[in-house]
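Undergrad: Quick note, the sequences are listed as chains A and B, same order. Start counting the first sequence at 1; every next residue gets the next number (this note's numbering). Start counting the second sequence at 1; every next residue gets the next number (this note's numbering).
You may find that some hints are simply not true.
Residues from chain A that face chain B, not an exhaustive set, calculated with beta carbons under 7 Å [said to hold, decoys possible]:
hint : residue
1    : Ala-30
2    : Ala-31
3    : Gly-286
4    : Arg-301
5    : Gly-305
6    : Ala-311
Think of the hints as simulated: they come from the structure by calculation, not from any bench. Predicted, not measured: the structure shown is a model, and the values here were computed from it. Positions of the beta carbon are idealized from the N, C-alpha and C atoms, including for glycine.
There are 2 protein chains.
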Amino acid sequence: MDLELLTVGTELVLGFTVDTNAAFAGQALAAAGIRVVRRATVGDEPAEVRRAVQAALERTGTVIVSGGLGPTNDDLTKAAVAEVFGKRLVRDDAILRQLEERFRSRGMPQMPAANAVQADVPEGATILPNPRGTAPGLWIEDGARLVILLPGVPKEMHGLLTEEVIPRLAARAGAAAGSVIRSRTIRTAGIGESALADRLGAYEALLGTKVTLAFLPSLDGTDLRFTVWNVPEAEADAALAKAIDGLRPRIGAAAYGEGDDQLAAVVLRRLEQEGATLAVAESCTGGLLGAKLTAVPGASRVFLGGVVAYANDVKLGFTGVSADTLARHGAVSEAVAREMAAGVARAFGAQAAMAVTGIAGPDGGTTEKPVGTVWAATLWKDQVRAFTYVFPGDREDVRMRAAQWTLDHLRCVMAGTVG
Amino acid sequence: MDLELLTVGTELVLGFTVDTNAAFAGQALAAAGIRVVRRATVGDEPAEVRRAVQAALERTGTVIVSGGLGPTNDDLTKAAVAEVFGKRLVRDDAILRQLEERFRSRGMPQMPAANAVQADVPEGATILPNPRGTAPGLWIEDGARLVILLPGVPKEMHGLLTEEVIPRLAARAGAAAGSVIRSRTIRTAGIGESALADRLGAYEALLGTKVTLAFLPSLDGTDLRFTVWNVPEAEADAALAKAIDGLRPRIGAAAYGEGDDQLAAVVLRRLEQEGATLAVAESCTGGLLGAKLTAVPGASRVFLGGVVAYANDVKLGFTGVSADTLARHGAVSEAVAREMAAGVARAFGAQAAMAVTGIAGPDGGTTEKPVGTVWAATLWKDQVRAFTYVFPGDREDVRMRAAQWTLDHLRCVMAGTVG
């Protein structure tokens, strides 16, 4: 089943707002085997909306329109679509009562008059209830033509799409079709993109025509997304599993999780299983490592805290780096990273520790230690191990990558895949 | 001057990639007085690209196409556009030599044969040099029809658009037209959205028809974006300045900067002017405050470091909170926040300090101290001041907002706008 997507909003065409609804809808629909063949965005102008809906109906027959509902933009989308279908707008009593109730429940006895237009619907439209906001979704069907109107507020749009629209579209397409597009993503860290590509070698060519592999590099590492295209639903999961099973021996320890897994959560879970506590000492990352760890709910069961040792005096005083080491090797060195890890573990009474020191830039680089140079160390089972890497990118890139690689180093040490 | 934007990529229609190019282009073009009236996205399918380009040319006459260049997708865009214009593809020797040079300079003496197609251009096209990548931009004009092809890689697309396309479009439109859309953004922090809206009152209605005001709330605070629409270039800056001057008395100290200003940079700059150093003590934010500060290049001139005091023992040992205070008031309390700020300043020998303690959730809330409750304190000129707030949102929201409000508190204390 094919459809088109139309997002409405002057803010969108001007680029002031990034159109995340379109990306969400594309993914959610593809996962249900519904293909978005085209998408368009127009400003809050009735004639443009009408023209775009008309064109989409002529081409594809089905269009989901997001945005341009609600009192502030005069419900221009509803009026435009009613015109395309040659239907009147009629006030729906049930919606009107719900709107009034919503305002009452928020302590406003009288609903602003402007909001009443939100209860107007094209005659014969099916109303899709929207518990997250005031404007309901609308389903307007006429022979082979189908228009679905959704509000533009992301959480309302996502809720209606998932709970109301996709099940109805799937039912309409009939169980007969049943071919789906489905994805699984393997997350990797602690390895550069080109090194990962080398390890994969010609794997992509072995996948056949129904499965594709996409490389998705980010500051958190590289995700490998496998997608099966237009296969019967019953075969999709098996095809993905087979593709991923073939991948694993090639990438080895670089894979830390799947889908939405966060590396910090993986590390904390493993430490909790070992009954260990954790402390960190950060220089160039300045708190990012702590922030990543404490973003995980329940981090307090494992993570005791840390020291942001930005100034050299702090490295001496709080993490127990010796003045001699600092003078001899410089702040960005293996020796300092090792002493920071050992020192913070001792000071906090933790069984595991991580330490990072580096040159994030834009200034501070030398020929010997260019911007991007990072030394990191981890302590686990009384043993300190260190690594160094010259990270590419700007200040933020270097810091984010350094934090993630350091987390990954501890993961690999605990898994026994680092010597 | 109006144009349409077409982005090409199956990843885009499927929603696997968010279309940030479209947002970038919309903003950059609007700032130059060029209006994007419509934008569309199609998959990597020649027939779809051809149809979309054709339709855009018929409607608007000018279309910028981004994506679908480069060897991996067989240069489908170039071929589709050549067909629309009825032109042949011819191999351009200059581009071919540049491509070969690029490969040589990366240590590959032989360019892969597949890359040669990148040197094919529709006959008569103007070549827009792309120093950031292998595929150049192309400008194809024929009477009133104009198609501009740009690669989809964001940094290449942005560079070509800014350096090559916009100046040419502006020259083509002629100085005569000269009406522009221009924006300025005032950044606020430390105030809730509805409180800010109350302060603004009916200000929006006073702006007239040529200036609009948009509220852009985020975890960093609320940005107020003023936009002038279709005014002569000579009047644009004055109209914006007038609108913003009228705003300032209403929002008072809540405005910390403009445009891309970062609150942490504002605070660090002020401390540097005062010749002061800074230390932080973080519980619920777990390092976020340090991360925000150290994201600013040159932070080391002011910021000494901090303690992430996640476990209570760390609050006692490293930030000098007394066991009695902790037992009597609990970790999330005014007294603990105050002792953390004073203690970390003393321990680090800093003249300024910030401390945050709170319940980020999802667990840990009580009736008295619900999830979102945060106590923070700042130290400046030997005086500790504290504030509390119950932040809305999930764990990440609470943490991000708490870090930002604490920074803003120190800013206001230094400015003398907090008692």
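Undergrad: State for each hint whether it applies.
TA: Going down the list of hints, with the structure as the test:
no., hint, in the structure
1, Ala-30, "holds, 5 Å"
2, Ala-31, "violated, 10 Å"
3, Gly-286, "holds, 3 Å"
4, Arg-301, "violated, 10 Å"
5, Gly-305, "holds, 4 Å"
6, Ala-311, "holds, 4 Å"
Consistency note: the structure conflicts with the earlier hints numbered 2 and 4.
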